[in-house]
Amino acid sequence: MAGIVLDKTLCAGCGACESSCPFGAITMEKGFPVIGAGCRVCGVCVKSCPCGALSLEKEEKKEVDKSLWKGILVFAEIEAGALHPVTLELLGKARELSAGRHPVYAVMASEDPSHAEELTHYGADRVLVYPHPQLRHFICELYANMLEDAIDRLKPAVVLVGATPLGRSLAPRTAVRLRTGLTADCTSLELRENSDLVQIRPAFGGNIMAQILTTRTRPQFATVRYKVMEAAKRSEAAEGSVEICSLPEEKLRTSVTVVSAVPKPPAADISQAEILVACGRGLKKKEDLALFEAFAQRLGGQLAVTRPLAEEGWAPQSKQIGLSGRTVRPRVIFTFGVSGAIQFQAGMNGSDTIIAVNTDPEAPIFRIAHIGVVGDLYEVLPRLEAALEREGII
Amino acid sequence: MKILVCIKQVPATQQVEVDPVTGVLKRGGVSSKINPYDLYAIETALKLKEELGGTVTALSMGPDQAYAALSEAIWMGADSGVLMTYRKFAGADVLATSRTLSEGIRALGGFDLIIMGRQTTDGDTAQVGPAVAQWLDIPHAAWVGRIEAADETAITVSQELARSVETVRMPYPCLITVEKDIYEPRLPSYRRKLEVGKGELKALTLADLSDTDPDHYGLAGSPTQVERIFPPETHVERVTVAGENAAEELARLLISRRVL
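So the sequences go chain by chain: A and B. The first sequence: position 173 = 173 (the working numbering), numbered continuously. The second sequence: position 88 = 88 (the working numbering), numbered continuously.
Incorrect hints may appear among the rest.
[Unchecked claim] List of simulated lysine-lysine pairs, DSSO-like, C-alpha gap at most 27 Å:
{"id": "1", "chain 1": "B", "residue 1": "K180", "chain 2": "B", "residue 2": "K2"}
{"id": "2", "chain 1": "B", "residue 1": "K33", "chain 2": "B", "residue 2": "K193"}
{"id": "3", "chain 1": "A", "residue 1": "K264", "chain 2": "B", "residue 2": "K180"}
{"id": "4", "chain 1": "A", "residue 1": "K286", "chain 2": "B", "residue 2": "K33"}
{"id": "5", "chain 1": "B", "residue 1": "K49", "chain 2": "B", "residue 2": "K2"}
{"id": "6", "chain 1": "B", "residue 1": "K88", "chain 2": "A", "residue 2": "K62"}
{"id": "7", "chain 1": "A", "residue 1": "K47", "chain 2": "B", "residue 2": "K88"}
{"id": "8", "chain 1": "A", "residue 1": "K284", "chain 2": "B", "residue 2": "K180"}
Please keep in mind that the hints were generated in silico from the structure rather than gathered at the bench.
Can you make the complete structure from the sequences, with help from the hints?
The structure is reproduced here in structure tokens:
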């Protein structure tokens, strides 16, 4: 903490500082100034002192001893009784970043021992599991207690959390407790020799990519976007260990009560779909969406929409792809009548194969499409369906 | 019931510039608007005020131009606006922003309920709300899609998680961040604008806060630093088909490339 420091050997006890203080925070006691709680560290007294007895002590920009913080901790998200798949992506990335130089840890709240055991097949060297019934549902304060406890035990250099709703609620709460840096929604990560994490994330709707570092504090928190990193592969052998941990009773108390937790129907989640058919403003009317939904169903996929269509109320927001909607990474995405605004692209350009149908050959979507079709979607769709039928694909 | 809604003024366009020396975003010269997600937070606050009585205060942090955003919140129905403005508040990351807001909230005497939008359209982190709750040491619920019940002592809300909807009851004081579409935001009232002018506005600066160490705020108080900013990459390898048999050609490519 910055403050005013007195060197008594230089002080003549003249009281110039007392009268100079704009906040009345200095009183003379026994011939020396005493700086009270009202001090706002403005430094006026330092300038007023004829003897040079007062000085302004600035807080040093202290850098943490990085050698004390090692390893990568992955928060393994259990929601609605199951492991969120982003966890395996975080483990995959953690393994890659560590390259054998850092241990990979995982922490989870689960009463089901198979959850923790499973992670040891995905490259976690140590899994800390907190099997408290109070952690069955997500209460952020209690989860932050757990994550903080795990960090205290492990002293990891990096903490990776999925940029899921749960993760983006938990990570900031925990990072503030530790007064450390948190980078949201990262799409690329690298680890430097000195364990500084190079974090890249889109900002301004994806118009800018920012490379962000947390160089002075540890651990470095990052939330990582789902479906961006390569998931870890399961190995037959379990290579890590599982440790059962517990929190003291006072860390499990909260004023929050969970009234209910209702699973959402899984089919509604376009971010889980293998095949997507996305429609944009090229569609003439809401009713036409049914044609594309039928096509999606014939392919075993799902319908998705762009932001304008969601805003028009043609489809629920849960069907919207893009920065303000869902990030998707399907095996195949068809876009019909989508111009390809950068915000839309940011939500789907990780897709394995992108097929775009648009009348405007200059549409930005064609710059990222693997296969582009310049044509009217109302003509292309029925002929495409007919051709795929002839080949026995649908 | 004392309700606070935190809002941010964001560039009206997403075409923004970056100061090449400091890596800080240049805010000057670009027209601004209220972060669209914050309109849902304001509407939620007004709905609760209508139901339970009390006051709605809008709080923002930023340069003097951000008074315009606060006035707009007042024209929508907020009672007053407070701007945290100080040169060295600028360039703040999640930690420093949330610290600044929480200090401002303390300086205003605290609130029963603090409401924020789900995220901003410029920072896009969605992480400041939960961080503020931690600084204030109060519970929070993020991604709130519905207010289930609210009375003088507690609020019950539904959080939209990835695979479930979790409903929690939280006693005051607490903080919520609300989803788009929780309520349809009302438009600013022209009549109210005529009545109140810019509305009741006040400034908070560093000296008004209990923690006056400037190193705790803005760029200096931010553990994360932007090292570099660059444009996103775009894709390369592609085939485009057009003309009479484009659909058939697409079907052929889908099969030959084993896409389907």
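Structure-based check of each hint:
no. : hint            : result
1   : B/K180 x B/K2   : holds, 23 Å
2   : B/K33 x B/K193  : holds, 17 Å
3   : A/K264 x B/K180 : holds, 18 Å
4   : A/K286 x B/K33  : violated, 30 Å
5   : B/K49 x B/K2    : holds, 9 Å
6   : B/K88 x A/K62   : holds, 20 Å
7   : A/K47 x B/K88   : holds, 22 Å
8   : A/K284 x B/K180 : holds, 26 Å
The structure shown violates just one earlier hint, number 4.
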